[in-house]
Amino acid sequence: MSKRLRRWLILLGCLAVLAVLALIPGQAKQHFDVAKEFELKPIVKLPKIGPFDLSINKAVIYLWIATAVIVVLALIIARSLHRVPGRFQLAVESLYDLARNGIVGGSMKSQQATWFPYIGGVFFFVLINNIVGLIPLPFAEHHQLGFYAATANLYVTITLALFTFVFTHYAGLRKNGAHYFAAWAPQGAPPVLKQLIWGIHALSEFFRLVSLSMRLFANMMAGHAILAVFFAMALIFQSYLAAVVLQGGSVFIYLFEIFVAAIQAFIFAILSAVYIGGAVDQH
Amino acid sequence: MGTAAAKLLGAGLAIGLGAMGPGIGLGLFIGKALEAMARQPEASGEVRTNMFIGIGVTEAVALYAFVIALILIFVAK
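Read top to bottom, the protein sequences are chains P and L.
Heads up: the first sequence is residues 1436 to 1718, going by the working numbering.
Heads up: the second sequence is residues 46 to 122, going by the working numbering.
Mixed in with the good hints, there may be bad ones.
If the Cβ cut is set under 8 angstroms, some of the chain L residues that face chain P in the computed set are [claimed, not checked]: (1) G72; (2) Y109; (3) V112; (4) I116.
Rough simulated footprint, nothing fancy, chain P against chain L, three-plus residues with beta-carbon under 8 angstroms [stated by the list, open to error]: (5) 60 to 66; (6) 81 to 90.
These are calculated hints, taken from the structure and not from any lab test.
Cβ coordinates follow ideal geometry from the N, Cα and C atoms, glycine included.
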């Protein structure tokens, strides 16, 4: 049997299996609510201090897991550095080089040593949090396996963006003094226009906080919502044919989510570096 | 029209109209990046890095619309 004929027969066989699957009657419709993936119920209730509720819920545990992963990986790499790197050491070294020379070196050459700890830390923290969010862990309701990322929570991303925001203005003030705020409006402009431009610049500086946090939050939340819908679509369509086809589609969207996780970590780090570099290197 | 139908309609309009701008913007932007990479292949590493930054910033705008649509469907009463 020639190769072409065999391939056609395999294709025909797959189509026949799918056609048979379409004829099997589906089961009863099961209820699936996407919003339940993002509900945070306290697991260990701790007292409230003022408006801050200290109880431990799913997001807190995921943050701890990501921190533990980072610490363990860093200890493993630091203890066993070979001169000829193995695969794992090569991967970590290339990430380190990307963070140091690509991200910090690309935007802030003058202050590379000062700001690399923060920017590198933010890059690795967001990267490991995004990737841990793609591992199914039993924290969904009724202790089922579910996906959740700590960065899919607006409070976590707003905290990270607040770090960048505070560091930007602190670094700018420390380097330039009170002239930092005055430099937001261009020198040779008529008075009313100068104040207007200053106001718009101040507003855009504040909006950077919103956009930095919202970008990471919305990417992660949207990704997890799409993942939840794809993986559970077999329950919504009541047929086995849809289940088989959609599980294949789920694999592709999962791969895309890994790509988005890495890209969002990179973008958060490089935008932080650009903002801090812009505040420090003000002419 | 009841509130439930109005919410769903609003969500559909939000993501539908909100994804038009970033879609066109991304297409223009990636096209220009490809042109630049074709003109000068030795700069393609730097062009690619800046292209990813631009993609991240532009796609955030589409995601704002998506978040509003999700809020309308799941959170608004």
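Here's how the hints hold up against the structure:
1. Of the supplied interface hints, the one on L/G72 is violated, with its beta-carbon coming no nearer than about 18 angstroms to a beta-carbon of chain P, more than 8 angstroms.
2. Nearest Cβ of chain P to the Cβ of L/Y109: about 6 angstroms, under the 8 angstroms cut. The hint holds.
3. A distance limit of 8 angstroms between C-beta atoms decides the matter here; for L/V112 the minimum to chain P is near 5 angstroms, and the interface restraint holds.
4. Below 8 angstroms, beta-carbon pairs count as interface contacts, and L/I116 has none with chain P, the closest being about 11 angstroms; its hint is therefore violated.
5. As drawn, the region 60 to 66 of chain L meets chain P at 0 residues by the rule of a beta-carbon pair under 8 angstroms; below three, the given contact is violated.
6. Here's how the region 81 to 90 of chain L fares: 0 of its residues keep a CB closer than 8 angstroms to some CB of chain P, so the rule of at least three is not met and the hint is violated.
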